[in-house]
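K.L.:
Protein chains in written order, with the working numbering: chain A, 1 to 456; chain B, 1 to 456.
Treat the hints with care, as some may be off.
When chains are identical, the list treats them as one kind, so a pair holds in a single copy or across two.
[To be verified] Straight-line C-alpha distance at most 16 Å; calculated EDC-like pairs for lysine to aspartate or glutamate:
| id | residue 1 | residue 2 |
| --- | --- | --- |
| 1 | K253 | E434 |
| 2 | K54 | E246 |
| 3 | K110 | D277 |
| 4 | K330 | D65 |
| 5 | K110 | D387 |
| 6 | K312 | D328 |
| 7 | K445 | D113 |
| 8 | K367 | E21 |
| 9 | K367 | D232 |
| 10 | K445 | D387 |
| 11 | K54 | E363 |
What the hints contain is simulated information worked out from the structure, not anything from laboratory work.
Small disclaimer: the values here were computed from a predicted structure and weren't measured.
Listed below, chain by chain, are the residues.
Protein chains: 2
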Amino acid sequence: MTSGAEGSVEDIARAAKAAFEASQLIASDVRKLALQKIVEQLGANKDAILTANKADMEAAQLEVDAGRMSKAMQNRLDLGKGDKWESMVKGVQDVADLPDPTGVVSYASKLDDGLDLYRVSCPIGVLLVIFEARPEVVVNIAALAIKSGNAAILKGGKESNRTTVLLAKAISEGLAQTSLPRTYIQAIQTRAEVSALLSLDQYIDLVIPRGSNELVRNIQNNTRIPVMGHADGLCHVYLHEDANTEKAVRVVKDSKINYPSACNAVETLLLHRNVLDSVWPEVAKGLLEVGVQLICDADTLQAISSPDLPEKSVVSSTPDSYRTEHLDLKLSVKMVDSLDAAIQHINAHSSHHTDTIVTESQEAGSKFCRGVDSAGTFVNASTRFADGFRYGFGTEVGISTGRIHARGPVGLEGLVIYKYMMKSTADQGHIVGEFGVGEGMKSYKHTPINTSTVPF
Amino acid sequence: MTSGAEGSVEDIARAAKAAFEASQLIASDVRKLALQKIVEQLGANKDAILTANKADMEAAQLEVDAGRMSKAMQNRLDLGKGDKWESMVKGVQDVADLPDPTGVVSYASKLDDGLDLYRVSCPIGVLLVIFEARPEVVVNIAALAIKSGNAAILKGGKESNRTTVLLAKAISEGLAQTSLPRTYIQAIQTRAEVSALLSLDQYIDLVIPRGSNELVRNIQNNTRIPVMGHADGLCHVYLHEDANTEKAVRVVKDSKINYPSACNAVETLLLHRNVLDSVWPEVAKGLLEVGVQLICDADTLQAISSPDLPEKSVVSSTPDSYRTEHLDLKLSVKMVDSLDAAIQHINAHSSHHTDTIVTESQEAGSKFCRGVDSAGTFVNASTRFADGFRYGFGTEVGISTGRIHARGPVGLEGLVIYKYMMKSTADQGHIVGEFGVGEGMKSYKHTPINTSTVPF
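Could you build the full structure based on these sequences and the hints that come with them?
P.N.:
So, in structure tokens, the structure goes:
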């Protein structure tokens, strides 16, 4: 990894593209070796990195004291907490050990005797990855980029700069022990550099932002380069008329309180009219006990109103409440008259991330899963399951609410595309002018070839 | 199909999204039925449509006579020529008979006892398809959209308006005999409507332009909605130092003259220094015989210069020659010193569409296919093979030079994405708070489920 500080932004982008192109001729096991060397370098530099991280934490403390940074953000900077270091390093080793996502044939066909076509997975090209706060993301994303064969330009948050500079150095020293190009992974420091890079679509193939809604939306609005990620996570739970009370209480509580600031936490609860006086009071009780504020429409508020409720624990909603991602112990609540109305409300208000129905009906569950146009549609399960590790991908690049390329939690597969390779072994090569209708013309055979790799 | 002329453009887009959402609850065999009904309606209205097409042809003749339209464009309007009508109708039936690209499970995993996850293919949403001249494209694209479950808004060229209005009516009448929404496929007439639609990314999920470089580039530069297609087709053939003369002559000629205005025709020929006086004169002779103008650098010009050459049949190139998509019987020619130099020239100048090497070396072919960063990389085969039908996809949505979602010739697969469905059948539903490390916590099982469909 090299720092781009010395060259122009266009130089950085051009170098990344050149590194990507050069890397295509290097065997993929070199990329695995690079990850192992990075693990070694992280181990060798652990003390220095954690010392730098302490300095970042101390500087952040001044910001917290001055009210310019939240305690939560400062916590995210801390690389020395619990098993965070170990899990960061283990993450690189885990990625190294995953199957190679490149070089895999997904379609192969014999077009004619001696003319074989292969569709083979390959990296996308140059990734621009922009993230905030958590310094371990630099290592995580560098590992994913290297494993999948993409070059990458990484920009972290300025709050973690002392830490990420040393993490980047360890990555650089790991790469230097292999034949991969020096500019395969580069780091940049400033927002101005990011802005400039977002216009260089001739060099950069995909932007991956990981951070606040504001960061993601700002990037989506300022580039023609494809962006993979999500700005909002406005998830719903819908309690159908036959919802089981215990399932409803458990699923709604877990979806809300397991990690309220996560994108897959529930923000709006929809209730069928028929559960207003049965299931809903039990769900409300469970939520109020753990300090969730309920932001209710007239029907759902009426159903649980009582003089005993603490002040402001239940308040009236506005139409805006159902377009708000609270990221906090708050939940918007609304009654609907039917499953169809629930699906329509969700399609109109959801961020198309993850939505859940609680129902005992096979038919209602099936209809909800098909009718709700979101990346994840669940039955009787918490929205919080929407996660690459929980899905079993071994790692997670991010969660996409886009509708092309990759949707929902994205594993390494999201960082590859494919190309077509074709080879003629005929004595005269192959030309299309020999195929067609009429005397002496050839027809395409289109016989499947059973292989998972390209044989040349 | 309904005409959008009466409502505002936003109404059209909103209606398309609503139709898409409603269609998700309709069984996929209804979409197959709709295609069969459209085949019937096309048959019933054949005479009226071909009469309208004659009127379009006559109006075009006036434009041709006045020098405002090329004869080639007028020819593309002609629906009565040869077997064009029959192949259009057969195309709809062929698409109807293809396997359903939706509802296919590509990943299924048991996360826990009673908690199953399925990744299942589904349509993308609302397509905006913009095409020029050929009236049959309205039928072709409507069939693909319906088969894959996407709603679509279609805009054809104004030159074919009389024809496309009647084709659209036949599609509309076919759809009306099914339960699919009336606004599932809509047609618009004006460029102003297209411009307005390009800003409505809350309703439109993918733009597919099919037409001139100018059309595609203009759309790419004016929307945040993902665009699938290609502006340029700047394809290369490289003759390696060991190129066989017969293969070289055949592959280069076919790549150039089989259909010079196609995107997969060759535009630049690169020659290794060692074939300058052996293979190259034979290739040049073959090209000059069929009227191809050669635009050569100093070395390749010198090697074939002769007083017998017709005037202007061989001219000197400029650096711009190697960035030009001629779409005509012209070929830029350049000498390189090595395979590496050829790969570098192609990566710097190619539109990343399709590039071919002519070589007898297994190693050189392999290196070229991996090192050239294009959607198609071929050995001893014409660039003209880059085509969905030739690849065996049964149909072609278009050819993409993008690097996410779909690359190269795109079949029906390019019109689908996937969503994740998850279902808990446990007595208490499933929550993530029960999983983790420590006493009494559950671990994820991640056991593969062997199924191609979602069982609920």
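K.L.:
Take the hints in turn and mark each one as holding or not.
P.N.:
Right, here's what the structure says about each hint:
no. : hint           : result
1   : K253 with E434 : between (67 Å within a copy, 12 Å between copies)
2   : K54 with E246  : neither (45 Å within a copy, 69 Å between copies)
3   : K110 with D277 : neither (65 Å within a copy, 35 Å between copies)
4   : K330 with D65  : neither (26 Å within a copy, 71 Å between copies)
5   : K110 with D387 : between (39 Å within a copy, 15 Å between copies)
6   : K312 with D328 : within (15 Å within a copy, 74 Å between copies)
7   : K445 with D113 : within (8 Å within a copy, 46 Å between copies)
8   : K367 with E21  : between (47 Å within a copy, 12 Å between copies)
9   : K367 with D232 : neither (25 Å within a copy, 43 Å between copies)
10  : K445 with D387 : between (43 Å within a copy, 15 Å between copies)
11  : K54 with E363  : neither (55 Å within a copy, 52 Å between copies)
Consistency with the previously given hints fails for numbers 2, 3, 4, 9 and 11, ordered from lowest to highest.
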